[in-house]
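Number of protein chains: 2
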Amino acid sequence: MKLSGYFLPVLKETPTDAQIVSHQLMLRAGMIKQTSAGIYAWLPLGLRVLRKIEAVVREEQDKAGAVELLMPTIQAADLWRESGRYDAYGPEMLRFNDRHDREMLFGPTNEEMITAIFRDSVRSYRDLPRTLYHIQWKFRDETRPRFGVMRGREFLMKDAYSFDLDEAGGQASYRAMFVAYLRTFARMGLKAVPVRAPTGPIGGNLSHEFHILAETGESEIFYDAALEDVDITDAGAVEQLTGIYAMEAEEHAKVENCPVPADRLRSRRGIEVGHIFFFGNKYTKAMGMTVQGPEGSAVVPQMGSYGIGVSRLVGGVIEASHDKDGIVWPDAIAPFKVGLINLRVDDAACAAVADDLYAKLSAAGVEVLYDDRDERGGAKFATMDLIGVPWQVVIGPKGVAAGVVELKRRGGGDREELSIESALARLTA
Amino acid sequence: MKLSGYFLPVLKETPTDAQIVSHQLMLRAGMIKQTSAGIYAWLPLGLRVLRKIEAVVREEQDKAGAVELLMPTIQAADLWRESGRYDAYGPEMLRFNDRHDREMLFGPTNEEMITAIFRDSVRSYRDLPRTLYHIQWKFRDETRPRFGVMRGREFLMKDAYSFDLDEAGGQASYRAMFVAYLRTFARMGLKAVPVRAPTGPIGGNLSHEFHILAETGESEIFYDAALEDVDITDAGAVEQLTGIYAMEAEEHAKVENCPVPADRLRSRRGIEVGHIFFFGNKYTKAMGMTVQGPEGSAVVPQMGSYGIGVSRLVGGVIEASHDKDGIVWPDAIAPFKVGLINLRVDDAACAAVADDLYAKLSAAGVEVLYDDRDERGGAKFATMDLIGVPWQVVIGPKGVAAGVVELKRRGGGDREELSIESALARLTA
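As you go down the protein sequences, you meet chains A and B in turn.
Residue numbers in the first sequence follow the numbering used here, run continuously in steps of one, and reach 410 at the last position.
Residue numbers in the second sequence follow the numbering used here, run continuously in steps of one, and reach 410 at the last position.
The hints are simulated quantities; they were obtained by calculation from the structure and are not laboratory data.
It should be emphasised that the depicted structure is a prediction, and the values quoted were computed from it without experimental measurement.
Accuracy of the hints is not assured; some may be wrong.
The list makes no distinction among identical chains, and a pair is therefore deemed to hold if it is satisfied within one copy or across any two copies.
As a list, the in silico DSS-like pairs of lysine-lysine whose alpha-carbon atoms are at most 30 Å apart [unchecked claim]:
id	residue 1	residue 2
1	K318	K44
2	K235	K14
3	K318	K235
4	K235	K33
5	K263	K361
6	K14	K266
7	K33	K14
8	K266	K361
9	K(-7)	K341
10	K389	K305
11	K(-17)	K44
12	K44	K33
13	K14	K263
14	K263	K172
15	K(-17)	K33
16	K235	K44
17	K341	K266
18	K389	K(-17)
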């Protein structure tokens, strides 16, 4: 992508209304633009990161055997009356009437709808177990939206729902999603801590939140240091992790006689990016869903639900990975792999080298943002640092005369001069 | 994907409430499920097709130089007051108040929002021309939603918006999108006719609709037979196409002295799947958008907008491509390339061949739906025909003993027995 034809409205000043660093950096880097309180347009750079994160989430859901569908944003109030949640859900639910005066709402979550879809489509135990998921925009009418995409009103969520014939099966589905979550966050370069959580309005008796660690995190987590030694690729990782003490501050404060010795108790700041629940037959029973069991009698399926805040993760990753100059994207979710800077667009030799490198990297499938604008070098460096592209290639007249370019790694800042061929080989490896 | 672990609730009976063939087939093939009037959940098979169509649309937008962003679904009423459309737009606009009693709406289109975003981000003529697009769910509160996804209330649309410094530039952007549209529909195997259209509530003085031809189409198109001879890959295709007579019936009826000789006047049924507009400074002027021109004075940009009904296209393609047994997907947007049928899951030799072929095709990146369920062969054939997968591979005991499988092409129905290796080579070519 050539910057001369892109839409990247970076800001020089930090907007005064943005309180946290991810919100500031997303605005400065031209990733988002607020269109109403707590509602954002995703500008091209922001959308690229959002889609990268979405793709990682999707791949790990698919690997875990979950099947993707897509439910609509608008739901009927009557559906929520079946579970009894329509009246129970507070003013965070955006409610309205359509032109025929039917009560509708913008879905804040989808337990009722997926249960209705599955109930109306499935008759036999042979269609279970099944975990279905979608990645769709939700709306929660926060009374005081803030912190940019971290607590917005319209947000992108991955929500999965498992259906099993019995509780043991339900627990197995829960563990499979637990593993998928560990893998998802690890692939993004994040350290995630699973925390035993109260179940709240979703109901049920088993729930974990996943917090990614970031010094600027919104919440405080207390956990046993043993948690840090668990190998998440180990087959028994879930059993180990769920057996080790980990609580959010509010819950930790309620615990009398914390079982963790003081020298092993760790306290870190975190950001909640995932939440999973096993709630048995709460919705299937209320909504009259049964399947014919193996012995012919009706069985009420056991359910779980599993959320990841996809748009929230964009902010969460920035909180966990930035420095004074801007964002430092983990490779797996960077908007571009390479930022190509031509320091002298008016120099034919520089332009030829830059154009050639851009063409070759693009042909090799490398995502490149090519700063081909007639701007000062300082402004170009600052922009590339700000938007956090993992690799920068700098092309200037002296280097071109000597047959070299400069390669800079954004995280760490290591710089190296090397031949154009070597740079190309390194970036396409 | 193994069908035993998928979610494909096909229906044996044609639902009585579905009037047109695409609606009937989408319901029968387990592609969609209605959740409220005119609102649908996209079940896994339907979602795969929707994403394929979306990908083709995206690629052609990108090739045309348009830049993708993503605007939210919910908009502020005040934004629409800036253009004067808030009061002008009828009851199709879904309006509501949020918890702080601010007037909001679910966006039916995005002229106002993109103009505001661009206005607040861009200062100089050097940032123009630019075409921005997004692919986002829209809501239009149709009084009588019907025909499935063809006239739903919540629908997926690609909408692009061009900004140019002068009218000549705006016309060039319009032509670039015109070409992108021709390519988009051609890639999906569709014959699209551009029809000169009245501009309606979007405003402006130049507009074309794109109709795909289908015998069951909703509208009637009159055009000069010369249209059929235009090579859309020709550099002058737009000039040729826009110069040739083509009108929807209603507009055609208003034409006195139709310029097309009777023997060249064609009448075909079509389905509108795209609509493009050039409307000059209608929105930029009303919303006070200017940039500094090359000579320093303020310039009011010229705009166009360009829509494709992405979810509508799913139905449109089915209208254009089906037979008595079900859907016949064009290769480019098929949900799977291959349907693999094991006729005898209880036969170890058949299962071994089928499993092996499934593994090898999947490893080669071929999308396969593998019917590994314990069902009758007749039911399996009917399902594969119904859902329209382009290639079927049938594995049975006699063939396996002879070292062959049957390969069937869904469109045309050609069948061939060939060795397993040859089948693999054919499908991975």
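A quick look at each hint next to the structure:
no.	hint	result
1	K318 with K44	both (25 Å within a copy, 20 Å between copies)
2	K235 with K14	neither (40 Å within a copy, 46 Å between copies)
3	K318 with K235	neither (46 Å within a copy, 56 Å between copies)
4	K235 with K33	neither (39 Å within a copy, 51 Å between copies)
5	K263 with K361	neither (56 Å within a copy, 35 Å between copies)
6	K14 with K266	between (43 Å within a copy, 22 Å between copies)
7	K33 with K14	both (19 Å within a copy, 29 Å between copies)
8	K266 with K361	neither (60 Å within a copy, 33 Å between copies)
9	K(-7) with K341	neither (32 Å within a copy, 53 Å between copies)
10	K389 with K305	within (17 Å within a copy, 61 Å between copies)
11	K(-17) with K44	between (35 Å within a copy, 13 Å between copies)
12	K44 with K33	both (17 Å within a copy, 20 Å between copies)
13	K14 with K263	between (40 Å within a copy, 23 Å between copies)
14	K263 with K172	neither (32 Å within a copy, 51 Å between copies)
15	K(-17) with K33	both (20 Å within a copy, 26 Å between copies)
16	K235 with K44	neither (38 Å within a copy, 58 Å between copies)
17	K341 with K266	neither (59 Å within a copy, 43 Å between copies)
18	K389 with K(-17)	within (19 Å within a copy, 45 Å between copies)
Hints 2, 3, 4, 5, 8, 9, 14, 16, 17, counting from the list given before, are not met by this structure.
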